[in-house]
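Visitor: Take a look at the letters that make up each chain.
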Amino acid sequence: MELAEKERMTAHTFTHLDALESESIHIMREVAAECKNPALLFSGGKDSIVMLRLAEKAFRPARFPFPLVHIDTEHNFPEVIAFRDKRAAELGERLIVRSLENSIRKGTVVLKSATQSRNVFQSVTLLETIAEFSFDACMGGARRDEEKSRAKERIFSFRDEFGQWDPKNQRPELWDIYNTRVHAGENIRVFPISNWTEMDIWQYIERERLEIPDIYFAHERDVIQRPGGIMPVSELVQPQSGEKVVRKTVRFRTVGDITCTCPVESNAKNALEIIAETAITRITERGATRMDDQTSDASMELRKKEGYF
Amino acid sequence: MSNATQLLRFITAGSVDDGKSTLIGRLLHDSKSIFEDQFSAISKTSAKRGMATVDFSLLTDGLQAEREQGITIDVAYRYFATPRRKFIIGDTPGHEQYTRNMVTAASTANLVIILVDARKGVLVQTRRHTYLASLVGIPHIVLAVNKMDMVDYSEARFTEICAEYLKFAAQLGLTDITCIPLSALVGDMLVERGDNLDWYQGTTLMNLLESIVIDYDVNTTGFRYPVQWVCRPQTEEHHDFRGFMGRIEAGEIAVGDEITVLPSGRTSRVKEIVTYDGKLQRAYAPQSVALTLKDEIDISRGDMFVRNDELPKVAKEFEAMLCWLSETPLDQNRKYLIKHTTRTAKCLFSGIAYRVDVNTLEQHAAAALNMNDIARVAMKVQQPLVFDSYTTDRATGSFIVIDEATNNTVAAGMIA
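One line per chain: the protein sequences are A and B, in this order.
Quick note: the first sequence, position 205, residue 205 per our numbering, numbers continuous.
Quick note, our numbering runs 1000 ahead of the 1-based positions in the second sequence.
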């Protein structure tokens, strides 16, 4: 008897991870079956790494019935980009990368300064990429526990032809019967791991023995202490006058644009130790690590209305 | 929380006045699921609004318009966990559009907490919430008699409210009901028992949430497997592989079992149960798997596998309870789309038997249906559907109606 079988037979309990996994697989298969030209957004971050495993569970032994897409701000952590390329190659899946630089060159993105956070502008390049490939559905690894406006978003989240989300006019979503219909030019963002929490993600990474970029684990790094959090020193983030560079043992809880992602102090060297830390942490994931969400109570909602995923 | 933790989805029904936000806030707070930065944000906003205490409803009011206007316009989902279970709360606003929002949140819930104010007892809205819970078939109901501190923790008052409620619930055929006296404000009988309700021998709310049996498979229909996706890798290694992928909606299946494919009626046997983690001998609801069959027969998305001794209905006409969700009323002259399991087809409404007044439960004749109306309707579908009655199987008895012109979801239906 194979191991997976034995586990099911002896326990016959369906754990919360089993329930979440089955729900996510069901969602991905609905997308594949009903959408004409879907894509899966893959950044190399932990949530999208979980998404890839779920896609393997949903579609193997066949290849994925959609390409992987990454909107690269070119302000990403190099370790994460390297991981992104490696993972896509291991899986033998098609990876489409579109860079924010293209939008800057075209003039559709105008930056105020070279070091400005580029997170908000991802929406522009994402919408341009959706138009280029005529994607009618983009699956993303966003979770409802991340942020207040996400908590109100549907699993199948309809966007108009401008890519905009209208929170007050969302389609009702009942049972797990998903309405995937769009008119030409419109699209749907689909969030198969909507119901997962940060803890679930780490437990799943641990259970599935998923490889993730090293920067998620404790490592030494030069950082600057700023009011919103500790900032990693990089080409783009340099100490201002009066600021001191210190070396700390840190890990990243989220991985985004290098100019607005802060690490947390931690000694957690593997997924189990991170689970233990996550269980007792008193600060939310984004609260601790994202400068871009701290500008106002509604910053995420405003970005989503503009087409952010 | 270990990997063996289970998942319970529940909703709360009641208005702000019943202390719903306080109850949710306290469940989150006492289970240490409110983070410091969240707590500091809502404390600041509460103070800005001149409130003396922290307003926990701010936690679930996620949208800008809601925070500005102090209203809740949609269903919000909250997550918390204890060492024994993980919970998903569907939090529904308590005012206009209530029916639509509660039906939406209730459709995925295993349990509903219906809140009443001990001073006011069973109100019209309590009956409405209970009716909607029974309509959507939530397996477990908790009557939370809140604000016991305002009635001197009176056992007599609690008993009186429970008796009245149980009598009403019995009329709806509801049996799985637990009544709990509590004070969300003080914290009695939520996570801790407190010192004020010594006469009550039953469970605390949290203990009930942590221990109630989660019925993934309350259905009595047997094996139900709507085909979602046909997997044909067409690679050298898997040249002949033809896996029918889907989620087991009810019952179980084992290698070698004979199955019937509906609506065609062709039969075959299960050759393999394939998952990414290896082949299984047996699989259960609600696992997502892939099945291969011994015979090559024509099968596509929308077909359903069942076992021969447990047949569902196959028909183009049926009656259903319908909840109209759209601001545009039902137009009986128009054709709509129905999505039922993995099949989408054209449909039309051939008649409205009656509309239910959700406050009095009286049945009225109706010529049209407006948003939030609940009615018994007769429907015709262009292709045969494979279904069970909603009361025997939620997954094969439920459907949504889509307006082709707008692509909006305009109704939710439960097959009679």
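I should point out that these hints are in silico values taken from the structure, not numbers from a laboratory.
Heads up, some of the hints might be wrong.
[What the hints assert, rightly or not] To spell it out: a stretch of chain B is covered by chain A in this simulated footprint if at least three of its residues, at any positions, have a beta carbon under 8 Å from a beta carbon of chain A; those stretches are:
{"#": "1", "region": "1160 to 1168"}
{"#": "2", "region": "1392 to 1403"}
[Said to hold, decoys possible] Computed far set for chain B versus chain A, every beta-carbon distance over 10 Å:
{"#": "3", "residue": "1174"}
{"#": "4", "residue": "1232"}
{"#": "5", "residue": "1277"}
Computed from a predicted structure; not experimentally measured.
Virtual Cβ for every residue (Gly too), placed ideally from N, Cα, C.
Visitor: Check each numbered hint from earlier against the structure, then list the numbers of those it violates in ascending order.
Guide: Failing hints, ascending: 1, 4, 5.
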